[in-house]
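Chemist: One line per chain: the protein sequences are A, B and C, in this order.
The first sequence lines up with residues 0 to 101 when you count with numbering that gives the first Met the number 0.
The second sequence lines up with residues 0 to 376 when you count with numbering that gives the first Met the number 0.
The third sequence lines up with residues 0 to 464 when you count with numbering that gives the first Met the number 0.
Watch out, some of these pointers could steer you wrong.
[As the list claims (entries may be wrong)] DEER-style ranges, computed between Cβ atoms:
#1 52(C) / 81(A): 32 to 38 angstroms
#2 88(A) / 314(B): 37 to 43 angstroms
#3 103(C) / 356(B): 33 to 39 angstroms
#4 8(B) / 428(C): 27 to 33 angstroms
#5 84(A) / 146(B): 42 to 48 angstroms
#6 74(C) / 113(B): 41 to 47 angstroms
#7 149(B) / 270(C): 50 to 56 angstroms
#8 110(B) / 81(A): 52 to 58 angstroms
#9 18(A) / 248(C): 30 to 36 angstroms
#10 74(C) / 84(A): 29 to 35 angstroms
#11 270(C) / 17(A): 45 to 51 angstroms
#12 0(A) / 177(B): 31 to 37 angstroms
[Said to hold, decoys possible] Partial pick of chain C residues on the chain B-facing surface, computed with a CB cut under 8 angstroms:
#13 90
#14 91
#15 93
#16 95
#17 99
#18 101
#19 105
#20 222
#21 345
#22 348
#23 397
#24 441
Quick caveat, the hints were computed from the structure, so don't treat them as lab data.
Even glycine gets a Cβ: it sits at the ideal position worked out from N, Cα and C.
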Amino acid sequence: MFRRLSDQPLTVAIMLNGRPVMAAPTDTVAAALLAAGEIAFCRSTVSLEPRGPYCGMGVCFECRVTIDGEGSRQACLTTVRDGMEIVTGGARRSLLIEALAR
Amino acid sequence: MRSARTEADIAIIGGGIVGMSLAYGLAREGQRRIIVLDEDDLSLRASRGNFALVWLQSKGFGMHAYARWTRRSVDLWRQFATTLEYEAGTNIALEQKGGFVLFFDEAALDERMRKLDCLMDGLGRDRFQVEAMDHAALVKMMPAIGPDVVGGVYCPLDGHVNVLRLYRALHEACRGWGVDYRPREGVTSIKSGHRTFKLTTSRSQLSANRVVLAAGLGNSRLASMVGLTAPVRPQRGQIIVTEKLERFLDYPLGTLRQTDEGSVMIGASKEEAGFDTGTTAEILSSLADSAVRMFPLLGRARVVRSWSALRVMTPDSFPIYEASCDAPGAFLVTCHSGVTLAAGHALDLAQCLDADHLPARFDAFSSRRFADVSQVV
Amino acid sequence: MRDLVVVGAGSAGMSAAIASRRMGLSVIIVDENATLGGQVYRSVGASPVRNPAILGRDYWAGKALVDAAISADIEHLNSAAVWMIEREDDASFSVGVSQAGQSRMMNARAVLIATGALERPFPIQGWTLPGVMTAGAGQSLLKTSGLVPDGPLVLAGTGPLLYLLAAQYSRAGVSIDALLDTTPRSNWRVAMKHLPAFLFSPYCHKGLRLLMEVERATRLVRGVTALRALGDTALQEVAFVQRGRERRIAAQTLMLHQGVVPQVNLSMAAGCEHRWDDARLAFEPVLSDLGATSVPGIFIAGDSAGIGGAVAAEISGGLAALGVALHLRRIAEVDGRAVAHRRELAEALRGRRFLDALYRPAPSFRLPSDDVIICRCEEITAGAVRQVALAGAPGPNQAKTFLRAGMGLCQGRLCGVTVTEIMSEATRRVPSDIGHYRLRNPVKPLTLGELASACTKRSKALRLD
């Protein structure tokens with residue numbers, strides 16, 4: 000679990016797996032998710048075991064989430080945006096489902 | 000003449016898919032002293048760049064014997080896979096449900112059908128089924144197909160396999176049969192005697208009663224040492240591989256397939272780039288563009304890696320299978336469809352090599368057919 | 000056409016861009032993050048961590064550099080990834096850049112790679128469990144969002160960054176349940192050789208103070224020889240061995256660190272020559288002292304040239320800028336300016352060999368036991384790599400062919416060094432003989448759609464079957 004040190008204003012409203020979460024404007028999606036109590040972001044494509052952010056700098060690819068319907072986005076390299084919809088827990092992407100949802 | 004005891008009955012030069020398929024076949028025929036000599040980690044290795052197709056429909060325009068040989072191998076593939084899987088304990092995911100070649104313009108599709116009709120006429124009794132399909136028919140089999148695809152050719156005998164697991168299975172199975180695989184032993188010279196060959200490698204020397212040249216591009220250097228010629232040149236192919244995706248494509252295409260693990264492989268370019276195995280923005284971009292035109296939903300798929308490898312091309316693109324007259328006991332094997340032909344190599348050609356004789360049906364593949372063509376290499 | 004593309008907005012990249020601009024070159028910096036600063040100075044312009052004591056003076060020192068980069072009239076592309084460097088002709092390069100889901104090729108006469116370092120892989124049992132991350136990740140979260148672990152926290156490993164993070168956390172009021180120090184005692188013997196230089200270096204005083212602070216603030220467990228992360232769907236406990244005894248400690252977050260290594264993917268894919276450095280246990284590019292690689296026109300500076308820290312990186316950026324300007328014939332000679340830089344660089348690097356030796360990770364943490372996953376993406380174990388090495392695979396590329404190790408999304412970044420070292424040990428051949436994965440462009444996972452529209456040249460070399 001992670002907590003925030005300061006009480007910076009959380010002015011960005013995002014949706015995380017269908018529930019509303021507030022984030023700071025400089026948060027990466029990874030930071031916002033960790034602050035909201037998520038530590039498993041996706042699943043291994045090999046074993047389907049849960050995986051979470053490891054390197055924090057975009058080289059491990061274990062922080063993959065679906066953002067606004069697009070899968071395999073790296074949460075640690077994406078800054079939050081008002082209205083962003085994030086879904087966690089994916090393993091292999093389904094391009095068919097993503098296309099249908101558009 | 001009694002020769003001094005040799006270390007191997009058969010030395011196979013080249014440990015790629017061709018060499019290992021032959022080793023496997025020979026071992027199953029009862030050969031017990033086989034040594035495979037392979038090169039290094041960064042050597043040019045066509046086997047690393049292949050597309051894993053077990054493919055018939057595009058083969059043999061201009062040489063019917065090649066179409067027939069490919070058909071033979073395709074027919075043997077199921078048996079080959081089953082025995083290999085059993086012996087190696089690995090599933091190699093062979094699928095032979097048919098495959099497609101797709102077209103973005105009608106004229107090209109018509110041209111292909113004309114060539115195929117011609118081929119089938121030439122094959123007579125040996126003709127096989129190919130079917131032209133329009134966009135509507137394609138959509139039924141591949142729902143994700145894009146509007147730019149006007150049609151395609153379907154052949155029910157085409158298929159694909161997990162080639163990395165194939166390669167691993169060949170190694171496992173060969174080890175089980177006692178084949179002596181020696182890496183980092185690139186052959187620098189071969190001294191041919193009468194049915195005895197002294198091979199010098201980068202690290203050692205050994206002797207063998209027979210030698211099979213299956214060294215891909217390396218054959219061009221080695222062939223003359225055993226009284227043969229191997230006019231092969233490198234032809235570069237670049238391949239893109241995507242992230243693993245949920246299955247959306249059930250059939251391989253000639254230039255695109257979804258692997259059993261979910262990633263999509265996209266090829267296939269043909270460049271005369273010498274021995275350079277780099278990848279280029281121009282080709283990668285063109286390949287990506289083609290793929291997205293074929294399957295628009297792929298536009299969102301992420302590229303995980305690219306490959307580049309050098310096909311082993313003869314002047315007419317068809318294989319060379321030849322027994323040396325000057326150095327009896329030496330054989331030359333080269334082709335660029337090592338996966339498709341793996342079954343034929345293991346279960347048919349290997350028997351011929353074991354019997355030390357290439358029957359007449361291989362005559363068409365002799366390098367003598369190039370006698371009138373000026374040296375390409 | 001621009002004179003220079005600088006890849007990476009860390010210490011070296013910013014410094015090189017500023018210096019090049021001063022010499023009249025047209026420069027653009029491209030960086031994956033939203034703001035300038037790289038890893039060390041991440042978010043220094045906008046960190047929500049207001050109390051400067053928490054992150055420390057060395058961090059805030061970077062603000063001056065960031066401010067200078069902003070005011071120096073340098074083009075800056077942020078949240079943008081460079082995925083390819085390709086030679087266009089004798090005098091220019093084509094650089095593939097992806098930003099906001101669109102890619103294009105950018106032309107430049109020269110390219111400076113300043114992509115910095117990444118954490119050395121730390122493969123232990125259970126390192127793939129959610130809740131296990133690198134110390135660097137913890138530090139990034141702190142700097143950018145003021146986030147700290149809440150709940151049982153264990154830090155483990157060796158190296159200055161680990162102790163720095165421990166100090167920063169404790170200053171921020173975070174309780175650290177244990178800092179499991181894996182520094183091998185035997186390292187001292189080798190490190191002693193380099194002690195004199197260290198004593199006179201900037202690291203000595205700072206380092207000692209840091210260590211004292213950490214010892215006061217946390218439960219420091221020295222001489223840890225084994226580590227395991229345990230839990231079923233997430234981290235629950237950390238098991239460790241010290242003085243032959245195994246103990247367990249409850250944990251929700253485990254932060255690992257055993258040094259950093261240069262990022263080599265872009266430079267290797269661009270064809271630059273690299274060599275294995277045994278003192279630093281990493282592949283490093285072969286460079287002239289002005290940062291020129293074996294590919295004329297491509298330069299490398301900062302930690303991606305060889306680990307030296309942020310201050311050295313800044314100086315090395317300045318030297319590389321001279322190298323670029325010389326290469327582009329904007330200056331006639333460098334000797335005058337370079338002399339001062341070289342002196343400063345030597346000063347900044349003094350004491351590093353001591354640190355490299357003292358914090359050299361133990362073999363057991365670089366060469367884990369057979370059952371430990373070493374390729375996270377494809378879940379390949381150390382044992383599988385050993386097996387193919389012993390069965391004759393001559394190097395990492397054949398191992399990749401047999402196992403799929405290195406074929407995942409991370410493109411070998413988290414397993415490359417491990418695979419090379421495992422194969423080296425198993426076959427008793429030195430790592431430089433074993434080699435590295437052959438890396439190719441694109442080095443970032445852009446989409447097919449982006450790639451399709453990135454390059455407008457269309458090749459006639461495609462076939463349909």
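Chemist: Each of the hints needs a verdict: does it hold here or not?
Modeler: Hint check results:
Between residue 52(C) and residue 81(A) the beta carbons are some 33 angstroms apart, a value that agrees with the proposed interval 32 to 38 angstroms. At about 55 angstroms, the beta-carbon gap between residue 88(A) and residue 314(B) misses the expected band of 37 to 43 angstroms. A C-beta distance of roughly 60 angstroms is found between residue 103(C) and residue 356(B), which places it outside the suggested range of 33 to 39 angstroms. At about 30 angstroms, the beta-carbon gap between residue 8(B) and residue 428(C) stays in the expected band of 27 to 33 angstroms.
A hinted range of 42 to 48 angstroms is violated for the C-beta pair residue 84(A) and residue 146(B), which are about 29 angstroms apart. Between residue 74(C) and residue 113(B) the beta carbon distance is about 55 angstroms. The supplied range of 41 to 47 angstroms is therefore violated. Against the hinted window of 50 to 56 angstroms, the Cβ-Cβ separation of residue 149(B) and residue 270(C) comes to about 40 angstroms, which falls outside the hint. Taken as a hint, the range 52 to 58 angstroms holds for the pair residue 110(B) and residue 81(A), whose Cβ atoms sit roughly 54 angstroms apart.
Range check, residue 18(A) to residue 248(C): Cβ separation about 33 angstroms, and the 30 to 36 angstroms hint holds. At roughly 32 angstroms, the beta carbons of residue 74(C) and residue 84(A) sit within the given window of 29 to 35 angstroms. For residue 270(C) paired with residue 17(A), a C-beta distance near 48 angstroms keeps the hint of 45 to 51 angstroms intact. Separated by about 57 angstroms at the C-beta atoms, residue 0(A) and residue 177(B) break the suggested range of 31 to 37 angstroms.
Taking 8 angstroms as the C-beta contact cut-off toward chain B, the hint placing residue 90(C) at the interface is violated, the least distance being around 18 angstroms. The interface hint given for residue 91(C) is violated, since its Cβ lies 13 angstroms from the closest Cβ of chain B, which is over the 8 angstroms cut-off. The beta carbon of residue 93(C) comes within 6 angstroms of a beta carbon in chain B, closer than 8 angstroms, and the hint placing it at the interface holds. With a least beta-carbon distance of about 6 angstroms to chain B, the hint placing residue 95(C) at the interface is held under the 8 angstroms criterion.
Annotation: residue 99(C) was flagged as interfacial toward chain B, and the flag is violated, the nearest CB pair being 14 angstroms apart, outside 8 angstroms. Below 8 angstroms, beta-carbon pairs count as interface contacts, and residue 101(C) has none with chain B, the closest being about 12 angstroms; its hint is therefore violated. For residue 105(C), the shortest C-beta to C-beta distance to chain B is roughly 11 angstroms, which exceeds 8 angstroms, and the interface hint is violated. Annotation: residue 222(C) was flagged as interfacial toward chain B, and the flag is violated, the nearest CB pair being 38 angstroms apart, outside 8 angstroms.
At a threshold of 8 angstroms, the smallest CB-CB gap from residue 345(C) to chain B is about 36 angstroms, leaving the interface hint violated. This hint is violated: residue 348(C) has a C-beta 32 angstroms from the nearest C-beta of chain B, more than the 8 angstroms allowed. Residue-level restraint check for residue 397(C) holds (minimum Cβ-Cβ distance to chain B is 5 angstroms; threshold 8 angstroms). For residue 441(C), the shortest C-beta to C-beta distance to chain B is roughly 6 angstroms, which falls under 8 angstroms, so the interface hint holds.
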